[in-house]
Each structure stands twice: as structure tokens, then as C-alpha cells.
Amino acid sequence: MPEPEPAVVLVDDVSPPDGMSEELRQESLLKTGALQNAIFNSANFSSIATDARGVIQIFNVGAERMLGYAAADVMNKITPADISDPQEVIARAKALSLELATPITPGFEALVFKASRGIEDIYELTYIRKDGSRFPAVVSVT
582 MPEPEPAVVL VDDVSPPDGM SEELRQESLL KTGALQNAIF NSANFSSIAT DARGVIQIFN
642 VGAERMLGYA AADVMNKITP ADISDPQEVI ARAKALSLEL ATPITPGFEA LVFKASRGIE
702 DIYELTYIRK DGSRFPAVVS VT
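For the working numbering, add 581 to where a residue sits in the sequence shown, where the first one is 1.
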């Protein structure tokens with residue numbers, strides 16, 4: 582059975598309350614979609630999504646602003662490990678290998694190992710911007 586891949590999912594109950602017209606239900610759906618779009622496209626938060634191999638598929642405007650890359654520069658080209666401090670990624674792989682008593686490869690696997698097994702994972706990591714400067718980030722992988 583293939584391992585589950587990390588994903589970000591926004592959920593809202595859109596079932597119509599008793600007596601709600603189809604028009605009101607459609608309006609509610611539009612508002613929900615607009616809210617989800619606003620959250621995803623926020624310039625204050627970086628949202629990066631990958632495929633199962635770790636290659637970036639989504640890179641929102643917040644990620645562009647924080648990291649200095651245009652989405653087109655990274656999508657289908659690199660993994661989040663490529664924009665992370667390599668020494669920290671190696672250290673994370675070693676620490677997780679000890680904690681979980683299983684070998685974990687430095688790289689993308691070290692960044693998503695827990696989340697890929699349904700374990701909530703929030704950690705600090707240094708990201709490296711396009712210009713080479715660095716900044717500390719709190720990473721939440723789901």
C-alpha cells in the first residue's frame with residue numbers, strides 16, 4: 582500500500598440547514614471558496630505543497646514574498662529541502678531516526694516523515710532565500 586502523501590485540506594460543512602434555499606446554499610459555497618482562497622493566497626503565510634516525491638507543486642504569494650522566488654522558479658523543480666538549511670535537515674533526520682528507531686534519510690523525507698504517518702509535526706527550521714539570506718521559520722506539516 583503506498584504511503585499517504587502530505588496534504589493541506591480546508592474543510593467547511595456546506596450542507597444546507599433545513600429550509601435553506603438552493604440560492605442561499607450556492608451563496609454560502611461562494612463565500613466559503615472566497616475565504617479559502619484568501620487564506621491560501623495570504624501574503625502573511627507561506628503555503629507550499631508537494632507531490633509524493635517532494636517536488637513543489639504549489640507555492641503561494643506568501644512563500645514568494647518570504648523566500649524571494651517566483652512560483653515558476655520552484656514549481657516542478659525543487660523540494661522544500663532545497664530551500665532549507667542542509668545542516669538542520671541532516672540533524673533533523675538523525676534526531677528523528679533516534680526518536681522513532683527507524684532510519685530516516687536527510688532531505689524531503691526528514692521534513693515530512695511524521696506527517697506522512699499521520700503524526701502532527703510542527704518544528705523550527707531555517708529557510709534560505711533566493712538571495713542566500715536566511716530566516717527562522719516555524720514549519721507545520723500536514
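Do not take every clue at face value.
Said to hold, decoys possible - List of simulated lysine to aspartate or glutamate pairs, DMTMM-like, C-alpha gap at most 25 Å: (1) K675 to D632; (2) K711 to E669; (3) K711 to E680.
Rather than coming from a laboratory, the hints here were simulated on the basis of the structure.
Status of the hints after comparison with the structure:
1. K675 to D632: At roughly 24 Å apart (the allowed maximum being 25 Å), D632 and K675 satisfy the hint.
2. K711 to E669: 18 Å, holds
3. K711 to E680: 32 Å, violated
Comparing the model with each earlier hint shows a violation of hint 3 alone; every other hint is respected.
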